[in-house]
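Engineer: The chain contents come next:
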Amino acid sequence: AQTVTQSQPEMSVQEAETVTLSCTYDTSESDYYLFWYKQPPSRQMILVIRQEAYKQQNATENRFSVNFQKAAKSFSLKISDSQLGDAAMYFCAYRSPNTGNQFYFGTGTSLTVIP
Amino acid sequence: GAVVSQHPSWVICKSGTSVKIECRSLDFQATTMFWYRQFPKQSLMLMATSNEGSKATYEQGVEKDKFLINHASLTLSTLTVTSAHPEDSSFYICSARQTGAESQPQHFGDGTRLSIL
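As you go down the protein sequences, you meet chains B and Z in turn.
In terms of the numbering used here, the first sequence opens at residue 1 and continues consecutively.
In terms of the numbering used here, the second sequence opens at residue 1 and continues consecutively.
Keep in mind that the hints were calculated from the coordinates and are not lab data.
Everything numeric in this text was worked out from a predicted model, so none of it was measured.
Any given hint could turn out to be false.
What the hints assert, rightly or not - List of simulated lysine-lysine pairs, DSS-like, C-alpha gap at most 30 Å:
id, chain 1, residue 1, chain 2, residue 2
1, Z, LYS66, Z, LYS41
2, Z, LYS41, B, LYS78
3, B, LYS78, B, LYS55
4, Z, LYS66, B, LYS73
5, B, LYS70, Z, LYS66
Please put together the full structure from these sequences, using the hints given.
Structural biologist: Here it is, written out as structure tokens:
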């Protein structure tokens with residue numbers, strides 16, 4: 001089974017600053033999808049950004065961007081101009097088209113934004 | 001956008017009670033739905049994959065007779081926790097994938113907080 005590793009249980013960032021959350025994964029597949037989800041205290045899962053493995057260009061969604069390094073199996077999330085509302089748990093997820101499209105989640109990173 | 005409704009959002013019941021949680025795709029059809037369990041400050045763990053019109057596929061270690069899944073229509077999957085005990089207390093989340101849109105992300109429900117006394 002695929003494994004997803006988030007090595008930073010907790011991170012903090014000053015408001016308006018930039019922070020990068022790390023994610024690595026292990027797979028033998030060449031075609032897959034990667035996601036970052038945000039889970040605020042309400043526990044709702046909110047999609048932040050997605051990346052298709054066949055695309056070399058890094059995905060960007062407003063203040064959120066990724067650094068996708070396929071050979072290194074790395075998928076980090078950069079949050080620019082951090083806002084108080086960005087405080088949440090962030091989960092990196094891998095989705096395989098070969099195993100029923102199920103998600104494999106990392107253990108999460110708790111992000112604190114300091115005013 | 002696509003919406004998944006999960007009900008109830010919070011349930012408290014006595015030990016030994018069976019609890020049913022519903023997951024509905026409101027504006028799309030979902031051949032496949034997924035059920036997750038999340039303990040405090042931990043990640044989402046996939047429990048089972050629910051397939052419309054057929055038996056669910058359970059992950060290793062998940063008791064099929066304990067967690068009954070029914071996916072009788074393209075918009076509804078239910079998870080029934082049978083004879084619930086305090087150790088079943090957890091946060092349960094469902095997600096649904098739109099039929100014919102396998103490249104699209106799954107859509108998550110808002111979760112159900114289950115507390116067994």
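Engineer: Are the hints correct? Go through all of them and say.
Structural biologist: Consistency of the hints with the structure:
Our distance criterion of 30 Å between C-alpha atoms is met by LYS66(Z) and LYS41(Z), whose separation comes to about 24 Å. Annotation: proposed proximity of LYS41(Z) to LYS78(B) holds, straight-line Cα distance about 22 Å (limit 30 Å). A distance of roughly 18 Å separates the Cα atoms of LYS78(B) and LYS55(B); the hinted pair therefore holds under the 30 Å criterion. A C-alpha spacing of about 37 Å is found between LYS66(Z) and LYS73(B), which places the hinted pair above 30 Å, so the restraint is violated.
The straight-line distance between the Cα atoms of LYS70(B) and LYS66(Z) is roughly 40 Å, outside the 30 Å bound, and the hint therefore fails.
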